[in-house]
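Residue numbers (the numbering used here), protein chains in the order written: chain W, 1 to 112; chain Z, 1 to 112; chain H, 1 to 112; chain X, 1 to 430; chain Y, 1 to 430; chain L, 1 to 430.
In short, the hints are calculated from the structure, not lab data. Computed from a prediction, not measured in an experiment: that's the story for all the values here. We put the CB at the ideal spot given by N, CA and C, even for glycine. Please note that the accuracy of each hint is not assured.
Okay, the calculated bits of chain Y under chain L, using three or more residues with CB under 8 Å as the criterion [said to hold, decoys possible]:
| # | stretch |
| --- | --- |
| 1 | 243 to 250 |
| 2 | 260 to 268 |
| 3 | 373 to 386 |
| 4 | 406 to 418 |
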Amino acid sequence: MKLIMAVIKPFKLDAVRTALTELGVEGMTVSEVKGFGRQKGQTEIYRGAEYNVEFVPKVRLEIVCDDERAERVVEAVAQAAQTGKIGDGKIFVSDVGQAVRIRTGETGNDAL
Amino acid sequence: MKLIMAVIKPFKLDAVRTALTELGVEGMTVSEVKGFGRQKGQTEIYRGAEYNVEFVPKVRLEIVCDDERAERVVEAVAQAAQTGKIGDGKIFVSDVGQAVRIRTGETGNDAL
Amino acid sequence: MKLIMAVIKPFKLDAVRTALTELGVEGMTVSEVKGFGRQKGQTEIYRGAEYNVEFVPKVRLEIVCDDERAERVVEAVAQAAQTGKIGDGKIFVSDVGQAVRIRTGETGNDAL
Amino acid sequence: MSVHKYRCGGALLALATILFAFPASAQELSGANTAWILTSTALVLFMTLPGLALFYGGLVQSKNVLSVLMHCFAIACLASVLWLVVVYSLAFDEGSSLVGGLGKVMLSGVSFDALSGDIPESVFFMFQMTFAIITPALIVGAYVERIKFSAVMLISALWLIVVYAPVCHWVWGGGWLAEMGVMDFAGGLVVHATAGTSAVVIVLILGPRAGYPTQLHPPHSPSMTMIGASMLWVGWFGFNAGSALAADGSAGMAMAVTHISAATASLVWIVIEWMKFGKPSLVGVVTGMVAGLATITPASGFVGPIGGLCIGLIGGLVCYWAVGLVKEKLKIDDSLDVFAVHGVGGILGTLAAAVFVTDGFGGAGLADGMTVGSQLGVQATGVVATVAWSAIATMVIVFVVKAICGLRVADDEMEIGLDLSYHGERDYNL
Amino acid sequence: MSVHKYRCGGALLALATILFAFPASAQELSGANTAWILTSTALVLFMTLPGLALFYGGLVQSKNVLSVLMHCFAIACLASVLWLVVVYSLAFDEGSSLVGGLGKVMLSGVSFDALSGDIPESVFFMFQMTFAIITPALIVGAYVERIKFSAVMLISALWLIVVYAPVCHWVWGGGWLAEMGVMDFAGGLVVHATAGTSAVVIVLILGPRAGYPTQLHPPHSPSMTMIGASMLWVGWFGFNAGSALAADGSAGMAMAVTHISAATASLVWIVIEWMKFGKPSLVGVVTGMVAGLATITPASGFVGPIGGLCIGLIGGLVCYWAVGLVKEKLKIDDSLDVFAVHGVGGILGTLAAAVFVTDGFGGAGLADGMTVGSQLGVQATGVVATVAWSAIATMVIVFVVKAICGLRVADDEMEIGLDLSYHGERDYNL
Amino acid sequence: MSVHKYRCGGALLALATILFAFPASAQELSGANTAWILTSTALVLFMTLPGLALFYGGLVQSKNVLSVLMHCFAIACLASVLWLVVVYSLAFDEGSSLVGGLGKVMLSGVSFDALSGDIPESVFFMFQMTFAIITPALIVGAYVERIKFSAVMLISALWLIVVYAPVCHWVWGGGWLAEMGVMDFAGGLVVHATAGTSAVVIVLILGPRAGYPTQLHPPHSPSMTMIGASMLWVGWFGFNAGSALAADGSAGMAMAVTHISAATASLVWIVIEWMKFGKPSLVGVVTGMVAGLATITPASGFVGPIGGLCIGLIGGLVCYWAVGLVKEKLKIDDSLDVFAVHGVGGILGTLAAAVFVTDGFGGAGLADGMTVGSQLGVQATGVVATVAWSAIATMVIVFVVKAICGLRVADDEMEIGLDLSYHGERDYNL
Ligand SMILES: Nc1ncnc2c1ncn2[C@@H]1O[C@H](COP(=O)(O)OP(=O)(O)O)[C@@H](O)[C@H]1O
Ligand SMILES: Nc1ncnc2c1ncn2[C@@H]1O[C@H](COP(=O)(O)OP(=O)(O)O)[C@@H](O)[C@H]1O
Ligand SMILES: Nc1ncnc2c1ncn2[C@@H]1O[C@H](COP(=O)(O)OP(=O)(O)O)[C@@H](O)[C@H]1O
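Excised from the complex, chain W in its bound form:
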């Protein structure tokens, strides 16, 4: 199995979720993160002083899927999350040795 970890722009979450549902991916885990990268944060102003905020709010997805589907998932995320502007984010893929569904105890691909 593969763990696909994607960092995307927050407002693209809905589009990505829709794309994944179409692929039959039934689950994912999402968290809010701060991104540091080429895209820089906004300048904030408080009482006449400017603060350079270096991070950009991003959303991080984790999707575990079987090996065959992994490539299509990566493509779907990449497509749905793209705006073509800097800061669109990254997708990283790594191996997962085991998966367990806590409710039933099922393991492996059945657990997804």
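Given chain W, put chains Z, H, X, Y and L with the ligands in place with the hints provided.
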């Protein structure tokens, strides 16, 4: 070493922690996440309009442990986090190549 | 490629970021987490009752980099994040099979 | 002729006996009334800052909350200065029956001991100013999350001069509606009908938020909204009971019916949501509260407790229906329901006042020579004139402002949120 | 005989000279007193909305905060309408010495210019209503995070009629305790003792929160609690100084002693926590403040500054001890310490009033013919009667409500949180 | 000689006609004035709790917010008790021209019906107390995020006795500045100049926050700051208009100019930030508001609307410049700009009062025998004396406290945050 990543119901965190402590696991890292899966979120009502909130609040654990212990950790988490109802969550296991304890510079199993 | 996941003390984030920039690392993803470990949380007092809060606020970094650089990144993080006091945190390294830059579709090391 | 008399004229028409006790000239300062109107002024300012700002701020996304607070705060400042410079004079100085004169520009001629009725004119000026502050701020609820800050400032400034000043003069400044005997105790027409109507006009030109109507985000902080709503309720005591311009039985009854209407309309929303969804919501109940308050406003000094109860009931029901109508049927993104709650409530209450003022409902009684029918005619005239003028003048204003500085923010600014894009700030740095 | 006289009777017993200056009949409207009571009414409403709601809301988990705000808001609406419909009449209309009559149902016969003492009866009605709003809302603190919304509404409604109305009549409406000369200036018995006692009774039947006592969560927002506490403090000026029903030296001294008691009791908590834990907490100090305020309430118009200081000291100490007693010893999950703070404070202050009213402590002096001992006897009678009736009647009410709609939410609803389960809303959508 | 006369003396110097109407002795209670000062007392307490606390709390990091609220709350309690025990007497009892006597310690001799002017002395005592509460609380803004709680308590206590009491006596208690005819209607010298000066002195000894000036964190909650600012604005009506000690035209005009100055200075900040950054910020505009309010305070009862406008304009501009000067040029970590806003504003307004009081600007007119020049001389004397005494006395106090308990928290406590380190609490447990 193995990284055990578990997504569980938030109110099960205490039970899981207790189970792990009994196993001798001394550390873990916890974050709050939004889960999308078979379990659907609640309906929210604002000014007479219903909003379907599609995510469910979950808690995500990351535990790194040595290879031998990994299986027992997975079992302990699975058992402690189970309610038998939909949305109990998943456990994913993957390999970790290296671990460092920042304070001392120890590496490998010693770092855990 | 390697995924370097580090859990550090929040106030060390700036120092770590500076160290990484010097190394030429251009991106990272940061999230706020709760740490459980040897370092214990503070006692909180409410209306004459003491609550033992068992977690400690930590910051979690994820940096993906090419294999050669990985070791230097780990060292840089370890050095910049160290205070020598309990709770300095951990660094875990694992393999990443694939990386994609969403904006351009570049893959592998080019995507970082 | 005293400025005060017109104001009272609107409010106390039906209280002829009291009117006789206040000869228009040669009055003495009433310390008691002054104390109460000083207090009421503080209460009504509190309604806008921070009351209304929080009420609205909690209902938007967390990335736009500061922009909403900023709109309310900046409008308050702008309206205050404009009020001094020209709007007070246009509203309350003698002039034609259509608009006041320029004799009170910069409060010229108003000394420390000048009186308006039996309170200092400085106090009357301040009390009325707080109404001129909250009215354009009410409109904010319609255009949140997508409007340029410059457009907010320009529209509000022009609107105060072109819409608020004349309508206020018509009703409270001795203008033609006052002469007809229109009843608007505390601003059903002057405040709520003008704001509600203009709200719709603005959003029709401005367009809806991105994602409307399917992908909206729920209110980011119902607790913030509830805090603001509670402040509105408490402040409304100054709004309505202060409009008696005296600390007497009229003020007391105005406070009582105001309260009862708010409570009743809130319960109406609880019951509707309970029946419809099984879950009465906090955002729902406080919306009901505002509906009850807006509806009782024009009637508050005229009706008795039974009237308050009935008006709360009707206000709650009709506004609930109107919220659905505007958003779901008409598909207008009047984002925080300014028209459905304030516009509809204000108009409804203005009409209802003519009925519940009668002795039969325990009200203060119709003015001599009026029947329910004739009073209803006057009220309807007031509504039509106010709505028509608000709509037309606002349309012109908005097109002018659009030409000058544009209305709508860019898509990516909307996405980042107005807080960072327009004010360089972010809330909730936890 | 005027309704007002009894109310004054309670408050001014000791101020015989003033009493003589106010003949019960043929009074004229005092604009000054009216201005102050209108203001006080706004202040006391502000105590509940949003004061108390925030005070309590900050102390619960973030998944239940909206339910707490909703309880307070909905109770306020319900109590307001019930007050008009029947409770005001039961409390303040003439009747037997046990309960008032039905002559003032729907405020029938109360015209715009009806007086109660020298203020409009509409104002007296409103001022007293705000007390009837806050009292059942105080009880909310006991049963948070586990009770059904329907049970909250039903219990509060019945409680107002069966507990609040008669006790209010006994003490302020000319009932048997007033005839005995009981001293309760602003509600030690009527408000705090009733609420505190009933709180315990309800939670004994309802049961504790899941996880009590070992796995509780700390207050989710001490800052929200502090905001609410501050509003309570400010609003309490209306509560206690308003209870003089006049803008005079009695009101001034009531405000002064109220303030001093609050400040002193807060400092007591700071000192205790500093000594015990090394860390004085914000939640602690504001709890001390409420203890000081609750304790001074019955005594506020009777005692002088030294009395205020002493009562604050005693109130702070005893309530601190009581919090530990109830939660740790008796293991009763009176979640936000309603009994330990309000119940104990109110009772303590009612007894202390008899001592500190004396000239020796700079008080207004005992009523003619009373000694400290005899007055203490009267006060103790008041306490016993109030506590007993509150306990018994509340028990009956709760069992009835349990039979009708159940009290406790299901376990998984509690786990999800009452906000989503019962109101379909979520706070903090950041 | 009545205490009240001195207070009026400061405020009403220029209003000679009114002064004559108030003979110092044998006055009767004015219920109307009492009602307004009771209300003003509530408003000014509200400024500190929770107004100022929230204003400051929103500007710090989320890990220190509770400590800021705690500082304000604990200072309020401490100041209240000290005020009763000794400070009121030192400020307002007869004594020398330098400091009051000890005749009113514990309010001894002040009965329920004692008058101060035409209001109860208990009310005057309470109204003045709220000023003594807010003044040391203003200083909190300077030393946040790095000071020990014990140092806060000790410094505040000593400061009230050694700095506040004498300066208050000089200006309002019949001391030497009052005798010279200094004009300080509501506390430009007594409140703002003292607090601003002492703030700088404290932080010079205490040192800056870790990370100053390059690594500071932005305000954690601009919305919290805005809520507090709004409460300050509303409460300031009690502060300034209440300082008339009457519900009359003087109070009315004081309220009007206060409001206009606040609005104008806010607009000034909007314009400056818009021109400089393209993004007017909420934190900026509310800072401008405070600058406008602080600047008008000493002048508020003396100047007319034009004066209010001009003072707001000047106050906004000069304070904006001062913020940059202190932080960027002088590199003093007066964290929340207490000196730049309150100190500079208070001093500026004290001087400006001498100009704008004149008839030419629509003011109340200079006192008999005064010219703008001579009045400016008196005002400047007041400023120099106040600043000098505040600086010297505060320096001594701070060194004493440093010796007793230390000032600065340990580095790791600062890192963890004062909330957990010093109060064992955490906000935002979401
Ligand atoms: N090497 C990396 N490791 C982990 N996360 C990264 C890395 N580089 C970028 N990111 C994440 O991806 C986001 C987007 O990257 P950025 O460089 O801004 O734009 P782009 O991907 O379009 O070149 C960053 O905000 C960060 O969260
Ligand atoms: N393929 C997946 N990859 C990552 N996380 C997943 C995946 N499937 C489910 N999850 C996480 O597990 C949680 C529980 O899954 P769900 O399908 O609701 O219930 P169950 O595991 O009982 O079948 C989800 O809310 C989500 O956070
Ligand atoms: N086995 C582990 N797996 C995942 N995270 C861990 C593990 N052990 C420790 N951590 C993380 O590292 C942090 C620091 O660990 P701790 O034991 O407190 O100190 P130290 O690393 O200095 O011995 C913890 O708060 C936790 O977030």
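To see whether the hints hold, each was checked on the structure:
With 5 residues having a Cβ less than 8 Å from any Cβ of chain L, the stretch 243 to 250 of chain Y passes the three-residue criterion, so the hint holds. Evaluation of the coverage hint for the stretch 260 to 268 of chain Y: fulfilled, as 6 residues show C-beta separations to chain L shorter than 8 Å, against a requirement of three. Check result for the stretch 373 to 386 of chain Y against chain L: violated, 0 residues qualifying (beta carbon to beta carbon below 8 Å, three or more required). Note: the stretch 406 to 418 of chain Y has 0 residues with beta-carbon separation from chain L under 8 Å; the three-residue rule is not met and the coverage is violated.
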